[in-house]
Amino acid sequence: MVFSFFSDFYYYSTFPEKKFIITVSLMYGLIAPSLIGFAVWFKAPQCLCQSPDSEEYFRCFEKDFCNKNTDMTIKIDEISSPSISATLGLLCGMKNSLLQSYFLGGILGCLANIFLPIPAHKRKLALVFFGLIQAFANFSVVFTYESTRSLQLSFAAIAFSLMILHANCPLIINEAFVGDLAKAATSVLLMGWGVMGLIYVIFAYFNDADFFRCFTFIGFINLANSLHLIFQNEPDVIEQLAAKV
Amino acid sequence: MGSLLLDVIKEKNIGFNILAYVLAWTTFAITYNLVNLKLGAIGGNVYLTLLTFSILEVSATFIGSTIVTNYKENLREVIRYIMIFETLLTAAFYFAPFEISDDFPKWKTWILFFLMALVKLGSDLVNNLISVFAQKIFKIRYVKLYLAFSRLSSRLILFKVPVIIIYFEKHGLHPFLFGTMCWMVCSLLAMDVKMPEDEDVVHSEALEKRRKSSKDLGVLVEGMKMEFDNKKRQ
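Chains E and V, in that order, give the protein sequences. Going by this note's numbering, the letters in the first sequence line up with residues 12 to 256, in that order. Going by this note's numbering, the letters in the second sequence line up with residues 406 to 639, in that order.
Okay, chain E solo, but in the shape it has when bound (with noise of 0.2 angstroms):
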């Protein structure tokens, strides 16, 4: 019974269908780390401050350091957990422009969601190029770390293809299959999700949320996936006004 979704995706699809089902689910799934990764990215490191007066460091809090206007200067304690906020030295100025392309590129998204809508026979052309773009901003962190701006921009590519495929995938599916099979295949997209979920917190711990091999490896995975989509057959898209699940 509660694998009910699981038989009616296996039998109610075709080949064809059940390959892109699975491909637009592991698109869809790709997007969680962006999202619920923010919590390992940014997680606040252990600092310790300096006062101008002593050259001795003590335990001081990002928090604190950034709100008071001081000459003390901070730096990571090398015992903090790894995040990329500590591996960068990415602390209070920096770190909050960089949340802010990300939530900026996030809006500039989800108003193109609604004023620059997909044709309907254009969306898994759509979903590739947003796949790319998913891509190469995963791999642009890694590789122009050095400059901040490149970092915001990336942070920002990131949140603006993140909000159209996270709107767009289900859009896909809803509007190709109807009864049972869509149902299913809702339910495979949503658990697609979780299951990425679960794969990126459990690779982050194993790997110390070593940043470059998390994005390295989440860009090639978008990447193979925005490929393959190219090749994938797109059901017809039903006009029926009415369908009903």
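Computed cross-link-like contacts, EDC-like style, restricted to lysine to aspartate or glutamate with a CA-CA straight-line distance of at most 16 angstroms:
#1 V:K544 - V:D412
#2 V:K477 - E:D191
#3 E:K29 - E:D191
#4 V:K541 - E:D191
#5 V:K541 - V:E478
#6 E:K54 - E:D221
Cβ-to-Cβ under 10 angstroms is the rule here; a few derived chain E residues that face chain V:
#7 K54
#8 F114
#9 C121
#10 M174
#11 V189
#12 A195
#13 V212
#14 Y216
Derived from the structure by calculation, the hints contain no laboratory data. Glycine included, each C-beta is placed from N, C-alpha and C at the ideal position.
Position chain V against the provided structure of chain E, taking the given hints into account.
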């Protein structure tokens, strides 16, 4: 998209459905963020929190599938009950401390963690059920509109969550009051959501009437024909 919006204004039921469930999605995002911002990673372990949340997301799919299989006819009620459950759960956070200090008892931390997990599970379930039944609730051409607006509204309001927390705390209110209020409004709106069954009652009655009348008409015509033929034979 403009024409779609105009159509939605004409079709009041669909417009209401979209409004109700866009609010549900937004509340889902707000609650998730409130929990994360206010309580952070309980026990200080980000991985444990994320792992639990991911496991809950997968299990929500299976629970959602079971609900879809068993309670297909009462989906609106099921979603509403989950929302009421969410309201109560979010209200339970009133008893949670604002800051978790080191001397906070461990068993209380685990209770908080369990509550957090339940809130997340309920929100995921609502989100999953709406996604699975999107075609049914909104009609296929409005799914796009729902998806686009729910993402936008949740993003825009998420920006305001830290401000809301500060505002509530300034006035001596618990920040979770905002989440509870949103869930309460959602559960009230969810009562009036129109499902195709509601329209079908009208539609099927009208259809049956038309079919019956055409049948009657057909019988009448047939009878007239037969009478005409009989008269002709005579």
